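**Q** Just so you know, the sequences run in chain order P and R. If you count the first sequence from 1, position 384 lands on 658 in my numbering, and the numbers rise without skipping. If you count the second sequence from 1, position 87 lands on 115 in my numbering, and the numbers rise without skipping.
These are calculated hints, taken from the structure and not from any lab test. Certain hints may be false.
Label pairs and their computed distance ranges (CB to CB) [what the hints assert, rightly or not]: (1) R:W233 with P:N350: 34 to 40 angstroms; (2) R:K230 with P:A358: 55 to 61 angstroms; (3) P:E337 with R:I185: 57 to 63 angstroms; (4) R:W101 with P:S680: 23 to 29 angstroms; (5) P:Q329 with R:V88: 53 to 59 angstroms; (6) P:K518 with R:F66: 51 to 57 angstroms; (7) P:D348 with R:F85: 34 to 40 angstroms; (8) R:N61 with P:G362: 43 to 49 angstroms.
Fair warning: this is a prediction, and the values are worked out from it, not measured in the lab. A virtual CB, placed ideally from N, CA and C, is assigned to each residue, including glycine.
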Amino acid sequence: MKIKRLIAAGLTATMVVGMLTACGGGSSDGGGSKKKGDTLTVAIWDTNQQDGLKQIMDDFTAETGIKTELQAMDWNAYWTLLEAGATGGEMPDVFWMHSNEAVKYMANDILLDLTDYVAKSEKLEMDKFPQELKDMYTWKDKVYAVPKDRDTIAMWYNKKMFDDAGIAYPDGSWTWDEFYEIAQKLTKDDGSQYGFACNPSNEQDTWMNIVYTMGGTIVTDDNKSGFDDPNTIKAMEFLDKCIKNVMPDANTMSETGTDVLFQSGKVAMISQGSWMVAGFKENDYMVENCDVTRLPKDATTGKSVSLYNGLGWSASAGTSMPDEAFQLIEWFGTKEMQEKQSELGVTMAAYDGASEAWAGGAEMYNLQAYIDAMEDTVFRPHTNSTLAWWNPMVEELKKPWNGEESMADACKNITSIMNEKIAEEDY
Amino acid sequence: MANPKKGTSQERNEFVWGWIFILPTMIGLIVLNIYPIFKTIYESFFKTGDFGRGNIFIGVENYAKLFGDAEVWQALINTFKYAIVEVPFSIVISLVLAVLLNRKMKGRAVYRTIFFLPMVAAPAAIAMVWRWLFNAEFGLLNHIFGTKINWVSNPSIAIFSIAIIGIWSIIGYNMVLFISGLQEIPGDYYEAASIDGATGIKQFWHITCPLLSPTIFFVMITRVIGGLQVFDLIYMVIDKNNPALYKTQSLVYLFYQNSFVENNKGYGSTIVVLLLAIIMIITVFQMWGQKKWVHYS
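Isolated chain R, as found in the complex (with noise of 0.2 angstroms):
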């Protein structure tokens, strides 16, 4: 925006007008995150009192407690797990179905709303409909195949079973991302392919892929970090008894854990400063290799 002093008068009004267009937004931000996340930082130096009183500082000992911790490097470990299978796979499943779903076809709009709909289920809801699906005992998923699997509570595998879920959830949105990026892409491009004798597939890989390849961009950073942020799926999926929740407890499940359950808000607060990081430093290489691969047209 021009300097408003230099400027004319219409400069001057635009300037003025645009901040105040801007103003809800950042104050929300300002009040909701960023302000929230600073307090966080502040309060992991801290042995928090009960209701916000009597804090001491305590330096760094939340965070040399924190690296000696097991439990929050198995969290750590668990929520990779989780964000490396639900990230692809929903990508892809969402990328097939986006493309499948942007020809003409019959039923379109039915189809699209049903790939939609877990978008518009409460994450509650869907967790404790699938949480019942994946039973051992009364299941649908094991009565069907006729199996024995503790798909939840087996440690080795409930945090696929979760990471399942999550795909499930989110397919619908990454989905309508990439059909409104794929409207965007001009028919005469696939119309010249054509007549040049390239195929479908061909098409797809040589004309879709990178010409989509900003929304992909896109919908990867926002899905990294959502996935690393997972909670509720967990919290409700897995009850407090079962065995495998050392092997699927996240790291946000661990802050939720330390702060609100245990009441030590100050080591939950270090918890997730260390989320906070390791988002950063994936983003920030995302942001960096993001120019190897994505075509700004």
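Excised from the complex, chain P in its bound form (with noise of 0.2 angstroms):
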């Protein structure tokens, strides 16, 4: 009898303490990062890129015998473990930051202040990195991120496609118009088969490029809502014709994605970042069947622009060993392991000139076409809390999607909107 008691009690105190311990354990610290002895805890959220960065990290280990530990998961968990890391000090010592997080970020000093060493760093070429990327992560003179990549835009076609109907492959020359009248030759009346598809959400990676390309604005050098320059408006009607005219319905993209529309030959061309490159590699269908070349120019200008960001590699300001995660930035940002970034396919680089080796590394894709992007850029638009008025904006361009709404009234609206939103930032 008294030992069953004595077992049990041993139980229970085990039970009690062990719940203590979980639940205490993360305010004991006092706001610093999770004490692993000697090793830097990464975190991504691209999975794609996971085995290529985890070559560079494996370098980084051999070359300086700090260890390293990697996690990939996908974006909404990834923000949201890292708000909750922040809010409750526990957070990884070297991760990604993004145009439309960083200024929460840097203005609550989350991060870890890089400037010294940035200017102190012997092997990073801080000028070789675009200077919108740079001024991005830069918070009040004060530099909280090291650029990792950039990407731009360009327009994906199925080849089979084009050779049925008898057109000509696209060769980076065409403009916005004779887009449209091939995307309408494409398209058949049976719905078999489609010109083009675009979603609300794929802002950056295509209707955005259209509103830059014909000379309009998302936000204003006064930030303000660039959805009132007539400019936009005329490219958001362009738009409007493409949803009606050469695009399945609103439904069927939103249902199925119109990256899986292309790939399962229903759709003839779509336009997409580079950072769905990797993943494309590997899909049978489009080695077969499909190919890239620039986003068309406005007639009127001559020009074709492809918007572009470009991620930031930061450190946690509460991190037990920030001078080993500036290490690991510094090295993440050294030429070479910049050009290894674009020979292992993982991205194309922010620093310049480095990403030619990514372009040659398909050679079943003209790659080419991304890195000629760069000529002509415009950095993703944003203001100092661009997600609160941005997924109102995508949100509102469902209506017109769907036919609710006519563009012009969208656009109005997204100005307001926008405007508001804007109104209210406080930082």
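Relying on the hints, combine the two individually framed chains into one complex.
**A** See the structure below:
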């Protein structure tokens, strides 16, 4: 009897202690990062890049003896984890930053101030990175991230459909009007094939490029909505014409996704970002039937504008190993590793001129289109709290997509939503 | 439990041990449920800052906004539509299955396992599979029926499609509860009824239903609460480009969207406080209503 009681008491005690420590562990650190001895924890949101980055990190460990551990998760899980981590004081040591969220993290001192490190670094050549990208990750003259990569946009097309219709493959010298004519020819009346596809949420990779190419803007220089700009409206009306005449209905595109429609031979052309290429290389149908070219130009200006964006490597302000964390960030930013990142096909490099190897790494596609797109780029539109208006903008655009509202009215509504949200920004 | 000061040493002993045994559960409840409830109510009166810092007290401003927010009321309607379909259908179907599977028959264990399987699979995986079954372009359902229905993107039917997934996933769990309830009904009642000439259907209405009513009541209470908290199915099946999103998003979905995507935790909290109030009112009514139809033997 006594022995049983003792065992029971022991078990209960371990359970209670176990729970208490599990719950209390976070707060006892007082805002510091998890102490894991000598291992740097690294978090990213793109599993496609996991293997390549792992190799680069292994080289780092071989060179410096600092151990690393990589966690990859999906976009939503990543930001939930990072925000909860920043609130509770348990963050990964080194992680990616995105232009949507950067200001919030920089303004609240969540990120490690890298200014002095970068200034003293002998390996980093900061002047080789695009200025807008560096500005994005600088807040009140302090540097919070080192650029990791950049992306551009290009147009994918289905060669077989072009052959069947007797249309020459686009060589990148086309205009949006020519594009529209081709798309019309490739749209079949029975609904078995469409010329083009684009969802409201294909902003950066599709419709915003049309806006900038036609001389419009999303955010003006004085931080207002650009949706009342006549050129923006012109571009959106062009898009509206595409929605009505050469695209599958909104239901189909939202249910299936434009890339899947393209990969299953339902759609002849889609515009996509360079970050999708790693996955496209693995798709047998696309390897066999598809290729990529530059986005069309505007007939009057003769320009073809691609949006670009880039991630940054940053570290947690509370990390227990700030020097080591910077060493790793510095490692990722060196010319050699930026080139290696391209060679491994992870992404295009942020470092100027280090992306050639990325384009050469896939002989099945003409990835040079993405490199050429760097000639004329606009940085992804942003304000200090981009997310506050970005989602309502996409939400409003669903209405013209469904035919519930005219595109002109949608532009008007977006203008007022954006201006209202931007005025509320408190950074 | 007896007052330990007055009782015998054994009573005192039981008192202490009783508390020790429920302590782990109590700590879990307080840390993971009760504290967050009050914290959420508290936060609903604030304009929350980033990372839990710099919260500004704004009184009932969030509530004022809530009452004027058409999106919230639409979400409430969506949530009710979902629950009104899911709860009765899942209860009726699983009750029938439980009665059928409670007899002696070949392969009973196999059937029980099959019906319980959806409960074991991860909800996210279930939702992904159903999303492709429902797909208008390539989906199996349209293929079999030869139709071209936009199951999950037609605003007027999408919420019911989601409810079908909900019913399918919960049937097994309800069924197990019903089977355990059925096994507590003594066989003599049925024997006596048979001798008196009652048919199977009559036995079901006059013996099974009244004697099973406590279990039905329990399942109903938990399913109504669960149904009103629907989130993961909607989140996984309905893409943000989906034209049906406005007519399918539930209150919890809206809470997630506000709190974690748009980073407005104060307003997000307000939305769940509304849900909490609604669930409490409904549950109180159900508790009160049970006197009329639940028979505790």
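**Q** Given the hint of 57 to 63 angstroms, is the C-beta distance from E337 (chain P) to I185 (chain R) inside that range or not?
**A** holds (59 angstroms)
**Q** Could one say that the CB atoms of W101 (chain R) and S680 (chain P) fall in the range 23 to 29 angstroms?
**A** Between W101 (chain R) and S680 (chain P), where Cβ atoms are some 26 angstroms apart, the hint holds.
**Q** Falls inside 34 to 40 angstroms, the C-beta gap from D348 (chain P) to F85 (chain R)?
**A** At 36 angstroms between Cβs, range holds.
**Q** Do the Cβ positions of K518 (chain P) and F66 (chain R) conform to the proposed distance bound of 51 to 57 angstroms?
**A** holds (52 angstroms)
**Q** Does the Cβ-Cβ separation between N61 (chain R) and G362 (chain P) fall within 43 to 49 angstroms?
**A** violated (18 angstroms)
**Q** Quick check on a hinted range of 34 to 40 angstroms for W233 (chain R) and N350 (chain P), using CB atoms only.
**A** Violated, since W233 (chain R) and N350 (chain P) (Cβ atoms, about 49 angstroms apart) do not stay within the stated range.
**Q** For the range 53 to 59 angstroms, tell me whether the beta carbons of Q329 (chain P) and V88 (chain R) fit it or not.
**A** holds (56 angstroms)
**Q** Looking only at beta-carbon atoms, does the pair K230 (chain R), A358 (chain P) fall within the given range of 55 to 61 angstroms?
**A** The hint (55 to 61 angstroms, Cβ to Cβ) holds, given that K230 (chain R) and A358 (chain P) are roughly 57 angstroms apart.
Of the numbered hints given earlier, the model fails hints 1, 8; all others are met.
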